[in-house]
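*Asks:* Sequence:
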Amino acid sequence: MKSLVAYVDGGSRGNPGPAGYGAHILDGEGRVLANLSGCLGVRSNNYAEYAGLIAALDYALANRFERVTVFADSELMVRQIGGVYKVRSPNLIGSFRQARALIGRLKAFSIRHIPRSRNREADRLANLAMDRQAGAT
Numbered sequence: 000m001k002s003l004v005a006y007v008d009g010g011s012r013g014n015p016g017p018a019g020y021g022a023h024i025l026d027g028e029g030r031v032l033a034n035l036s037g038c039l040g041v042r043s044n045n046y047a048e049y050a051g052l053i054a055a056l057d058y059a060l061a062n063r064f065e066r067v068t069v070f071a072d073s074e075l076m077v078r079q080i081g082g083v084y085k086v087r088s089p090n091l092i093g094s095f096r097q098a099r100a101l102i103g104r105l106k107a108f109s110i111r112h113i114p115r116s117r118n119r120e121a122d123r124l125a126n127l128a129m130d131r132q133a134g135a136t
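Residue numbers are given in numbering that gives the first Met the number 0: position 74 of the sequence shown equals residue 73, and the series is strictly consecutive.
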């Protein structure tokens, strides 16, 4: 089974404010496959976190990976995806449902919370997206 590891992050300057996501994608052997980042307009930090997760899941499915392990420093998102917390924000329900639908297409999925210090590359990518957006205004 093809395995992928993704470190995902999202951020917002102002919350809500100019937002971006990052996803650092590795294969099962730890080789870098992709670095994804994107501007999201004015969004919340939590929305941006979900955007990073969705980008990683989209990449995995588009490239026929069946097993995905995600690491994220957003405890809220990790616990919501894991079913520990309910999604109460109307702004996150659509993203949550989209992520769960993508996860449902995989053979195996896990998500784990990590400290921000272990998520530096995804954080860097999210900040690059926010920087690009700030430069465009």
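Careful, some of the hints might be misleading.
Derived lysine to aspartate or glutamate pairs resembling DMTMM-like cross-links, with alpha carbons at most 20 Å apart [as the list claims (entries may be wrong)]:
{"no.": "1", "residue 1": "106", "residue 2": "65"}
{"no.": "2", "residue 1": "85", "residue 2": "57"}
{"no.": "3", "residue 1": "106", "residue 2": "26"}
{"no.": "4", "residue 1": "85", "residue 2": "28"}
{"no.": "5", "residue 1": "85", "residue 2": "26"}
{"no.": "6", "residue 1": "106", "residue 2": "57"}
{"no.": "7", "residue 1": "106", "residue 2": "74"}
{"no.": "8", "residue 1": "1", "residue 2": "74"}
{"no.": "9", "residue 1": "106", "residue 2": "122"}
No wet-lab data here; the hints were simulated from the structure.
*Asks:* Need the status of pair residue 85, residue 57: alpha-carbon distance at most 20 Å?
*Replies:* With Cα atoms ~23 Å apart, residue 85 and residue 57 exceed 20 Å; violated.
*Asks:* Do the alpha carbons of residue 106 and residue 65 lie within 20 Å of each other, as the hint requires?
*Replies:* holds, 5 Å
*Asks:* Compare the distance between the alpha carbons of residue 106 and residue 122 with 20 Å, and conclude whether the hinted pair is satisfied.
*Replies:* The hint is violated at about 28 Å.
*Asks:* Are the Cα positions of residue 85 and residue 26 separated by 20 Å at most?
*Replies:* Answer violated: residue 85 to residue 26 is near 31 Å, above 20 Å.
*Asks:* Between the alpha carbons of residue 106 and residue 74, is the straight-line distance 20 Å or under?
*Replies:* violated, 24 Å
*Asks:* Does residue 106 pair with residue 26 here, judged by a C-alpha cut-off of 20 Å?
*Replies:* Holds, at about 16 Å.
*Asks:* Holds or violated: residue 106 with residue 57, Cα cutoff 20 Å?
*Replies:* holds, 14 Å
*Asks:* Is it true that the CA of residue 85 sits at most 20 Å from the CA of residue 28?
*Replies:* With a Cα-Cα distance of about 34 Å, the restraint between residue 85 and residue 28 is violated, given a limit of 20 Å.
*Asks:* Holds or violated: are the alpha carbons of residue 1 and residue 74 at most 20 Å from each other?
*Replies:* violated, 27 Å
Hints 2, 4, 5, 7, 8, 9, counting from the list given before, are not met by this structure.
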